[in-house]
Amino acid sequence: MALDKNQIAQRIAREVKDGYYVNLGIGIPTLVANYVQENINVEFQSENGVLGMGPFPFEGEEDADVINAGKQTITTLPGASFFDSATSFSMIRGKHVDLTILGAMEVAQNGDIANWKIPGKMVKGMGGAMDLVASAENIIVAMMHTNRAGASKLLKKCSLPLTGVACVKKIVTNLAVLEVTEKGFKLLERAPGVSIEEIKAATEGSLEIDGDIDIPEMKF
Amino acid sequence: MALDKNQIAQRIAREVKDGYYVNLGIGIPTLVANYVQENINVEFQSENGVLGMGPFPFEGEEDADVINAGKQTITTLPGASFFDSATSFSMIRGKHVDLTILGAMEVAQNGDIANWKIPGKMVKGMGGAMDLVASAENIIVAMMHTNRAGASKLLKKCSLPLTGVACVKKIVTNLAVLEVTEKGFKLLERAPGVSIEEIKAATEGSLEIDGDIDIPEMKF
Amino acid sequence: MITKTVNGVQQALEGIESNMTLMLGGFGLSGIPENAIAQLVRLNVNGLTCISNNAGVDDFGLGLLLQKKQVKKMISSYVGENAEFERQMLSGELDVELIPQGTLAERCRAAQAGFPAIYTPAGYGTEVAQGKETREFDGKMYVLEHAFKADFAFIKAWKGDAAGNLIFKGTARNFNPNMCGAAKITVAEVEELVPVGTLDPNQIHIPGIFVQRIFQGEQYEKRIEQRTIRQKG
Amino acid sequence: MITKTVNGVQQALEGIESNMTLMLGGFGLSGIPENAIAQLVRLNVNGLTCISNNAGVDDFGLGLLLQKKQVKKMISSYVGENAEFERQMLSGELDVELIPQGTLAERCRAAQAGFPAIYTPAGYGTEVAQGKETREFDGKMYVLEHAFKADFAFIKAWKGDAAGNLIFKGTARNFNPNMCGAAKITVAEVEELVPVGTLDPNQIHIPGIFVQRIFQGEQYEKRIEQRTIRQKG
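Chains as they are written, first to last, in the working numbering: chain A, 1232 to 1451; chain B, 1232 to 1451; chain C, 207 to 439; chain D, 207 to 439.
Only chain A is shown next, with the shape it has when bound in the complex:
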């Protein structure tokens, strides 16, 4: 059965290792924070200028001066720090942030990502996404395998304007976990009960499968 958004987040949380500084994009990536293993130490960075983000505040404790990049009120944990935007992107551009998790409209089999603009529609902007994908060593995309019209979002080549080139390392969708390799999307795991045929059908880009029988179901 295909995963829901929370399950995608839960699966991605397994990629978050002890000692990682992590930047979470808006949408599914934000949910990842809820599933990080409790016995590891992780700090969340938000590009508007905070490291060591905690949960949302209790009612009445919201502070207009303490928000995340989604403009949501947040709290900070002990050891947190605030800083300016240039310093924030120094952390990102300088590869001090270990893992970036973000959503996408399309990913190409060479790792190109498109997630900021649909020609003809209102364009809201790239925010920090272009800096993040141009710099991060490790980028995981969290998204549905297909769009609302049923078309694959894992493509030979992106059709939408790019956010970054050859940068995505891993993709976790409602159907599968895939790695971007030189040969295309390498299938690593299937969602429980989802067949390889289903994944093949939903993937327009080149799908690399090492021995059909061995693709394991996801573990959480």
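Heads up, a few of these hints could be off.
[As the list claims (entries may be wrong)] Chain C regions said to be covered by chain B (calculated; three or more residues, Cβ under 8 Å):
hint	stretch
1	319 to 325
2	367 to 373
3	413 to 426
[Claimed, not checked] In silico BS3-like pairs for lysine-lysine, Cα to Cα no more than 30 Å straight-line:
hint	chain 1	residue 1	chain 2	residue 2
4	C	278	C	346
5	A	1355	C	338
6	B	1414	B	1401
7	C	438	A	1355
8	B	1326	C	355
9	D	275	C	338
10	C	338	D	346
11	C	278	A	1387
12	A	1236	A	1414
13	A	1352	C	274
14	C	275	B	1401
15	C	355	D	346
16	A	1326	D	275
17	A	1326	C	346
18	C	355	A	1326
19	B	1348	D	390
[Unchecked claim] Pair ranges (Cβ atoms, derived):
hint	chain 1	residue 1	chain 2	residue 2	range
20	B	1285	A	1349	54 to 62 Å
21	B	1397	A	1271	52 to 60 Å
22	B	1285	D	398	23 to 31 Å
23	D	403	A	1269	48 to 56 Å
Hint data in this document are derived by calculation from the structure and do not stem from the laboratory.
Idealized CB from N, CA, C, for every residue including glycine.
Add chains B, C and D to chain A, keeping to what the hints say.
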């Protein structure tokens, strides 16, 4: 009579205007702080990371963590701030410091300055001087008109390795105040009792004199 | 000490004219120069180019200038919370240049620090890099981006003193420090103007040299865009 | 929270090898990583390239490494207070690259911030620019200077916590913040390691993400180079 070092500093102090942020080099420039008019507001920046420098500390109040670019113990005045080296040179490179006063071994009539290296001798380094002269809008050189051997330090062309090109605006020596113009060193003022002939004799570079009789003696 | 205090927002904005380029601090509605924006509305200057990460919401922040059609061009990284903005952009009334957020921050910092341009990897291979010089260093591609040139920078800080020293609070810091000294005139408004000597010289975020004018804002709404909370217990 | 605390200077310098490139904070003898330098002497690694604004004095700071001939090359802006340095330099034992102070700071900051190179006006038209690319922007000439690449950065801060957050004191700040995160491994030594949560998140000079290892130095001499005083009354 030619000026002594304190008198050179005293004359330069008249160039320090209300509201100026000033960077003082080592040597005669350091003395300028003693002569700034009392009724104007000036702040001294030191490139090692302090704005709002005050006088030396009283005995027993020295702090190894509060020094100037000459490595001397200092104090700070109300309104002072400390910052890192990159920020310090942002102030300098970004033209936020209004006036730089520094010493020189040689100045050329096009405004070139040499003050950091004598080939064949031990070279100590340029410190912040190259950043200062490359960036400052207003650079005044404080120096003796001639070197110990009696040779002019105001030259057609510098013979020593340069610190910066076409940057010096004004020179105050023991003999004269001169402005760097397209035609060369324009004589603005003479030291009290020093003749134009003496200044001509001590200046190897092109000396521009607007009507010999009108060159006034320095005022303090 | 050099004094930067001006007598309120009117004096703070003296010299503002139509068709100028302005930098405005803030991320979303957090840390925006509320009093300066209100005065820009009152002065009714127009044809403005605004460098600001976001464009406010319909009835707050830069949205107030957009409502009155005072803005000719926005240079931002994200402008998604503003219906009037969308209308003007789609109708072509408003010119919009979208640039990566880190590039925005660093083009401000370059102006502040006297750098003419920077090489950043952000936007390489995308339409952001179109028409721009690109260059390889150590096998990675970078885009040359130029320092901004602005007439005024409007900054919102938490505390400040007459020397122009500033301290920011929380994530309301954001672009504000990077815009200080990045325009010809930097105008800082603060929630609290404290006596000189009160701020620890060791703990000043922006030394006064980067600020030309400072005043205490009359009031701050500090509106919250997304009030997210959790339940107790 | 990610913990950076190590068990003293020995553990802090694990992985140091001869022929590495090191960054060392400090201006003159102010804000130098005294404990790390002492350990480098004990470890007797040599062939080191040291990026540091100054080179210490004969019997303190980097001078201790020079005495033991552990340094192959110095990259500094000013090296004037050290007789042994002078001897080694003039005899050709020691390679010295002198660069402008602001360029030194910004080449560190470029490494920290992921910029491959910067354009600075400093040194244009001088021998510092020889063999380097120069370029005109808006009628002014600039020199292309590359980000440093270093193995270790040794930082001295005033206070720090287990998360790696740092606060500096006075002008002992200098190059230290710019070198944090500018090398593969950043080792911070502090006068006081305070409990996590003690430092105000608003007042941290360097967030812990830029620091890999932190420890409290055993002792600090904090020698004064030029003790200048005035008379009372």
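Comparing the hints with the structure gives:
no., hint, result
1, 319 to 325, "holds (count 3)"
2, 367 to 373, "holds (count 4)"
3, 413 to 426, "holds (count 4)"
4, C:278 x C:346, "violated (36 Å)"
5, A:1355 x C:338, "holds (22 Å)"
6, B:1414 x B:1401, "holds (14 Å)"
7, C:438 x A:1355, "violated (35 Å)"
8, B:1326 x C:355, "holds (14 Å)"
9, D:275 x C:338, "violated (48 Å)"
10, C:338 x D:346, "holds (20 Å)"
11, C:278 x A:1387, "violated (40 Å)"
12, A:1236 x A:1414, "holds (28 Å)"
13, A:1352 x C:274, "holds (24 Å)"
14, C:275 x B:1401, "violated (49 Å)"
15, C:355 x D:346, "holds (15 Å)"
16, A:1326 x D:275, "violated (34 Å)"
17, A:1326 x C:346, "holds (14 Å)"
18, C:355 x A:1326, "holds (29 Å)"
19, B:1348 x D:390, "violated (34 Å)"
20, B:1285 x A:1349: 54 to 62 Å, "holds (60 Å)"
21, B:1397 x A:1271: 52 to 60 Å, "holds (59 Å)"
22, B:1285 x D:398: 23 to 31 Å, "holds (27 Å)"
23, D:403 x A:1269: 48 to 56 Å, "violated (20 Å)"
Of the numbered hints given earlier, the model fails hints 4, 7, 9, 11, 14, 16, 19, 23; all others are met.
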